[in-house]
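Q: Each chain, letter by letter, is given below.
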Amino acid sequence: MSGAALSLENDPGPVVASTPIGTVPVAITINGEQHRLSLEPWVTLLDLLRERLHLTGSKKGCDHGQCGACTVLIDGRRMNSCLKLAVTLDGSEITTIEGLGQPGNLHPLQAAFIEHDAFQCGYCTPGQICSAEGLIREGHARTRDEVREQMSGNLCRCGAYTNIADAILEILETEERA
Amino acid sequence: MPDTRHEPIRVGIGTPLDRVDGPDKVTGQAHYAAEYAVPNMLYGVIVSGRIARGRITGIDETAARAVPGVVEVLTHRNRPSTPWLDRNYKDELNIPGDPFRALESEHILFSGQPVALVLAETFEAARFAASLVDVSYEAAAHNIDFEASLAERFLPSKKRNSYHPPKNHGDADAAFAAAELKHEARYHLATEHHNPMEMHATTVDWHGDGTLTVYDKNQGSQGVQSYLCNIFGFSKKELRVVNAFVGGAFGSGLRPQYQVYLAVMAAKHTQRSVRVVMTRQQMFTHAHRPEADYTIRLGAEATGKLTSIDGDATTSTSRFENNMEDIVIWGMINYASPNMKGEYCVAPRDTYTSADMRAPGAATGMTLFEIAMDELAYKAKVDPLDFRLLNYSDIDAMYRTPFTSKALREAYRDGAAAFGWDSRSPEPRSMKEGRELIGWGMATGLWTAEFVKTSAKAKLTADGRLEITSATSDIGTGTGTVLVLVAADTLGLPPDRISVRIGDSDLPHSPVQGGSRAAASGGAAVQLACEAVGKRLLKAAEKVDGQPLHAARSIEDVIFADGRMILKSDPSKAVSCADAMQAAGLEVIEEEQTAQPGLADRISQMTRSRNVHSAVFAEVRVDEELGQIRVTRIVNAVAAGRIINPKTARSQILGGVVMGMGMALHEETLGDNRLGRWMNHNLAEYHIPVNADVHDIQVIFVDEPDPDVTPLGVKGVGEIGIVSTAAAIANAIFHATGQRHRSLPITIDKLIGT
Ligand code: FES
Ligand code: FES
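As given, the protein sequences belong to chains A and B, one line each in that order.
Take the first sequence: its letter number 29 is residue 29 in the UniProt record's numbering, and every next letter is one higher.
Take the second sequence: its letter number 622 is residue 622 in the UniProt record's numbering, and every next letter is one higher.
If you're looking for bench data, these hints aren't it; they were derived computationally from the structure.
Some hints here could point you the wrong way.
FRET-style restraints, in silico, Cβ to Cβ [claimed, not checked]:
#1 A:S38 with B:Q281: 27 to 33 Å
#2 A:D75 with B:D506: 43 to 49 Å
#3 B:L675 with A:G65: 20 to 26 Å
#4 B:R435 with A:L83: 36 to 42 Å
#5 B:G69 with A:D75: 28 to 34 Å
Beyond 10 Å from chain A on every Cβ pair, some chain B residues (computed) [what the hints assert, rightly or not]:
#6 T57
#7 E152
#8 R160
#9 G210
#10 K237
#11 P348
#12 D394
#13 D422
#14 S423
#15 R497
#16 K539
#17 T669
#18 H695
#19 K750
It should be emphasised that the depicted structure is a prediction, and the values quoted were computed from it without experimental measurement.
Using N, Cα and C, we set each Cβ at its ideal position, and we do this for glycine too.
One chain only, chain A, in its complex shape (with noise of 0.2 Å):
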């Protein structure tokens, strides 16, 4: 995969003293942050975002890329970050959910989500919401049907996804007559 040789092509040859054995440099932006991490080869994003950054705003709810709950914004693009090996993503830019907008500063789609109740237990919401800004990004989907299609990576046991859709379509909307 690119991605393993990625992570060898970046390996300067002398090993940066604070580098323990075994771990690979890599240099990550996470919601505008430069991260400077050394991390063993089989860290995925998902757990380095929870487990060493405490950015538990992405969620677990298979680590086998069947659920979208860890969906996260990488270079723009929606991804499953438990299917992401960290080392793999140096000179990378990460936005997670906690990037998208805070209590206060919230981004549109958060609030469109809080408006239409697009959300119960709220696990798979951050997923859902970096989903739907990927989508909008993409700029495939103008309709319901498409936006019900082109969301269907994103697991709601809970059942919200009609009201996930119509918070989406509201946030389309209006960026469509912007």
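Given chain A, work out where chain B with the ligands should sit, using these hints.
A: This is chain B with the ligands only, laid out in the frame that chain A set:
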């Protein structure tokens, strides 16, 4: 002084309110059980056993222990000792049998049973080492096949507390034999797993001073606290359980799950903080909705009027506990028939014990019964809705007691109108558009309305802020938001001045959250606590110069609005709460109250039935060649008494309907009996509805004032949405295709195989 002629804006019971925890949830600031940052913490990864029954003959931990960062491998051989008697392991649900104890002994009771817990400094080291634990087994004969287990079915002598035995009337056999119209068939529901999006997880914060905080995914912090204290010898002062945010549960968190037991055991053993998170695969090794077999026999006059109802059901359980559900009573409660009887058994298999899942019993029993009713309606050549009305019962037909309220007729009427039911063409296969057959079906939903002892505290500070606390949980139901609305309603405060804290065993007592009772019970407790605060405010108002409220004898004589007490008899007289507190020299008014059914309530509970009703209408479009079924429209009209928050209540129904769509078309845990294991134990192969599956759902709450059902007139909405949604869909599929499917889910293979 504010202008008293100005009509105050009242936000209270009945106002649609955004979730109070919404901003935290949409920004990732809400912390679920596995998301508390705890220093110096160990990661525990559970090793799942490979066989379904037998014993462990050996465990080789050498390779696992050699992984850098591994601290300990706990197995049945080296685990700390725990109490011997079963009663120490009983949880709030008190299921008859021997509660499962992880790492108890070499005996294996089900596939996926935890056989080791690997503890390491990082998650990755623990996960890798867990894959290296080498366990050998001696397998014994097992059975997880439900059909085969029916040969062993029995009625347990010790019943589960929540079980309601059917009450028989007349002679159902004779009436059936003599009936002009008869219908008899066997119905089936597959095993389903709850699969909340958050996996069961625990973070134990070992404080090092003999106390610990257990952040755990569950539906009742205090029940889990008692369970852990009983087993591990902590006092309730030492061990606190927090479930402030719960990523769904649907019943899987009613009982303490094995990861919390293992996490606390490991923390005590290593004297360190520990986090244990199940994998999605491990989410298939515990709670699940029982598989069900239900034979229904209905007799009727030629007109379609029922003369006999006879049900005989079996649900699956484990070999070590007898989980029981109410399956056969729902049809007997709902429909008038002079003769009725029911029988119920459990069938043991070598799996974990089945468990309550959203609307346990009714989601299975009422749903399957409503398919049978649809079949008889066709035999009687009566419209399915008219057929229900023909057999309508104004009283509880099984207990023969009146209801506190039953607005089911109104639900039928409003649901049918919204759906456009009267333009339905009665014949199956008679509606078509393009290559798709269209079918319209309907069904009746039924659930109970309960109210249980719950406490809450209200604390008003001089700055006009109110804090509500109760140990109750919010598993996505909107409990916290509902409590804020009740408080706003009682004390006339704007919601943004009210904060709520729930989900913590240190807070006032609350039972486990389940059965749609949290809003009615917690709401009643909050109302009492706020009324107690209101009484003290009124007393404090006596100290205000000129005593503007001296005419008020009790809080009944004033209106609380806009942070003020206004005299009902003369609205020009008012005192602000802040002024009253200041005049009386009060910084804080704090009151804790407990709402519980009194003697009169308990008598009334025996003489009057308390139920929630619904009418569900479904439209499906079926492409017969592809075997594709789309549920294009659902209308669910619900009679659930008073609705505290229409916004979150609607979402509860939407969620129940979506899960009902899963029950109808997707959800099925498939076992391979050669291995004794669930095979589709992941979210790619255990299908739940996705966004593309869900088209249009309309929720209607019909007006149903009922001051008697619970103190607030609330019946609860957590379960009713799922009940009979699958029946309406199955009935619509029959109407579309002429194919009658009696085994749920109705998957593509069933549709194109017939
Ligand atoms: S956790 Fe990544 S897709 Fe489920
Ligand atoms: S809100 Fe609970 S899973 Fe989507």
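Q: Let me make sure I understand: some of the numbered hints might not hold for this structure. Which ones are they, in numerical order?
A: 18
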